[in-house]
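Novice: These are the residues of each chain, in order.
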Amino acid sequence: MIVGITARAAGTDAPVEQRFGRAPYFVFVDTETGKSESIKNPLVDAAGGVGPRAVQMLAEHDATVVITGQVGGNAARALEAGGIKAYAYRGSGSVADALAEYTAGNLKPLPLS
Amino acid sequence: MKIAIASGKGGTGKSTVAANLAFTLARSREVALVDCDVEEPNLHLFFPGSAVDVPVTTPVPVIDLARCTFCGECGKFCRFGALSVLKDRVILFPELCHSCGGCSLVCPQGAVGEVPRTVGRVACSCSLPALTLISGVLNEGEVQAPAIIRAAKLLAEGHPLTLYDASPGIACPVIETLEGSDACVLVTESTPFGLHDLRLAAEVAERVGIPAGVVINRSDGQDEATLDFCRERGLPILMTVPFSREIAAVQNRGGLICRDLPGWEERFAGLFDAIVRLAGVSQ
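First to last, the protein sequences are chains V and H. Count the first sequence with my numbering and you get residues 1 to 113, in order. Count the second sequence with my numbering and you get residues 114 to 396, in order.
If you are wondering where the hints come from, they were derived from the structure by calculation, not from laboratory data. Backbone N, C-alpha and C define an ideal beta-carbon position, used for all residues, glycine too. Hints are supplied without guarantee of correctness; some may be wrong.
Claimed, not checked - Label pairs and their in silico Cβ distance ranges:
1. V:A100 / H:E253: 24 to 34 Å
2. V:G105 / H:P207: 51 to 61 Å
3. H:L178 / V:P109: 25 to 35 Å
4. H:T231 / V:P111: 22 to 32 Å
5. H:E153 / V:E32: 50 to 60 Å
6. H:D201 / V:G11: 50 to 60 Å
7. H:P207 / V:P42: 15 to 25 Å
8. V:A100 / H:F190: 35 to 45 Å
9. V:G105 / H:V175: 38 to 48 Å
10. H:V175 / V:E80: 14 to 24 Å
Unchecked claim - Partial chain V-side listing against chain H, Cβ under 7 Å, derived:
11. Q18
12. L112
13. S113
Could you build all of it, start to finish, from the sequences and the hints given here?
Specialist: Next up, the structure:
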């Protein structure tokens, strides 16, 4: 399973970013192999409509779960349609910390509709 | 002849100038007054009357699922996020679409078509025998103000004399309003904000290539900074309206100062003469 986590920088040691569509990086972790891939988000300075575009990026990377602080209405609609589950991480820890919390079942799902 | 009334800063008196100028001109000739402030049109408050509505539509994408391979090209192209391509479906956000048509151009499968979507309307009324009021109204939550402005201006085509009342600011709706105008009246007030935004609006008029002049509204008689700026930029002062309780009282009850206060019809007629000189077109 691929989990996408919004981050302020590349790598699993980077702090988690609370914003979804304008997160500086998306870190994708394959929970089976433990491998991660960091993608710089080109939408950071976009004028608008970042939510639906960020969801398309998650879908392209085969993510089925996203961990972030919060998502907007358009992003929520696209996530729900794409069957991508969103979980809230409001801590100040790293991508790895957030993933550990998710694996331990400590994160609450974000309401998508 | 087409005259645009703009300002940069909001609340300087664009609609006051537009309404009074239109009323004055309609005493002696046919005038079309176009409310291009489509997010908050207000000229109907000066000229109440029953209106005929014309809906305005813009094209938005529709996906032919028999052809779509979910390659994602349309979603990557759209800078407004109006399409989100997922594994087995395409989610559309028509309210984010700017109708550029790019999604259908980049689709390698020819799977993106277009359907019309109503984003607002244009309301036409004749509240005075010689005055046609054409108000653009953008539906709440919509973004495509320029589409409504284009439609409103199109409906006014053919009138020999047309006034365009622009929205505040200097973004797309104002540029759409200015396009094709013969002259631009910039309404300002003698405040630091007024001057700051006058500077921006004057630059826009210059870039669009429209001769501009300035109306100073609510003048307290200390307009030196504004006058210096206008001298420096070669902007003629077309009219000065003093800061006056009497004028404010007429305005606040939805009145027209050119109709309700002596001397002002002549002054607005003078404003028109100054605009004609500015535009350099023959009437």
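Novice: Now look at each hint and say whether the structure bears it out.
Specialist: Hint-by-hint comparison with the structure:
no.: 1; hint: V:A100 / H:E253: 24 to 34 Å; in the structure: violated (45 Å)
no.: 2; hint: V:G105 / H:P207: 51 to 61 Å; in the structure: violated (38 Å)
no.: 3; hint: H:L178 / V:P109: 25 to 35 Å; in the structure: holds (29 Å)
no.: 4; hint: H:T231 / V:P111: 22 to 32 Å; in the structure: holds (31 Å)
no.: 5; hint: H:E153 / V:E32: 50 to 60 Å; in the structure: holds (55 Å)
no.: 6; hint: H:D201 / V:G11: 50 to 60 Å; in the structure: violated (32 Å)
no.: 7; hint: H:P207 / V:P42: 15 to 25 Å; in the structure: holds (24 Å)
no.: 8; hint: V:A100 / H:F190: 35 to 45 Å; in the structure: holds (38 Å)
no.: 9; hint: V:G105 / H:V175: 38 to 48 Å; in the structure: holds (42 Å)
no.: 10; hint: H:V175 / V:E80: 14 to 24 Å; in the structure: holds (21 Å)
no.: 11; hint: Q18; in the structure: violated (20 Å)
no.: 12; hint: L112; in the structure: violated (12 Å)
no.: 13; hint: S113; in the structure: violated (13 Å)
Violated hints, listed in ascending order, are 1, 2, 6, 11, 12 and 13; each of the other numbered hints is respected by the structure.
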